[in-house]
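Visitor: The sequence shown: position 54 = 54 (full-length UniProt numbering), numbered continuously.
Wrong hints could be hidden among the right ones.
[What the hints assert, rightly or not] Pair ranges (Cβ atoms, derived):
#, residue 1, residue 2, range
1, A4, D41, 51 to 59 Å
2, A76, V22, 16 to 24 Å
3, P43, L13, 33 to 41 Å
Calculated from the structure, these hints are not laboratory results.
Every residue, glycine too, gets a C-beta built ideally from N, C-alpha and C.
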Amino acid sequence: MSIAWGSLGLVALVSFAAAIVVTALVSFGIVGLAARAPRSDGPEPALSPGAGTAVGVVCLGVAVLIVLYGLYLIVA
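Can you make the complete structure from the sequences, with help from the hints?
Guide: Here it is, written out as structure tokens:
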């Protein structure tokens, strides 16, 4: 029995990159959705409430699609 180290390294690299991308998308989605909340004790949000909602929904939607595709690859 031999281990294909190149393939194992590629899988580890792709898994690490996917984890970083999903984490970043969820973070941007939360920040975008947080722009909707009015703040009385701080700076104004960089995004308008409508733009923040749009960015949040798109980022979270893409993150969900990536996770669902990963589950599909595991199950299929």
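Visitor: Does the beta carbon distance between P43 and L13 stay inside 33 to 41 Å, or does it fall outside?
Guide: holds, 38 Å
Visitor: Please check whether A76 and V22 have a Cβ separation lying inside 16 to 24 Å.
Guide: holds, 20 Å
Visitor: Is it true that the C-beta distance of A4 to D41 lies inside 51 to 59 Å, as the hint says?
Guide: With Cβ atoms ~56 Å apart, the hint holds.
Against the hints set out earlier in the document, no violation occurs for any number.
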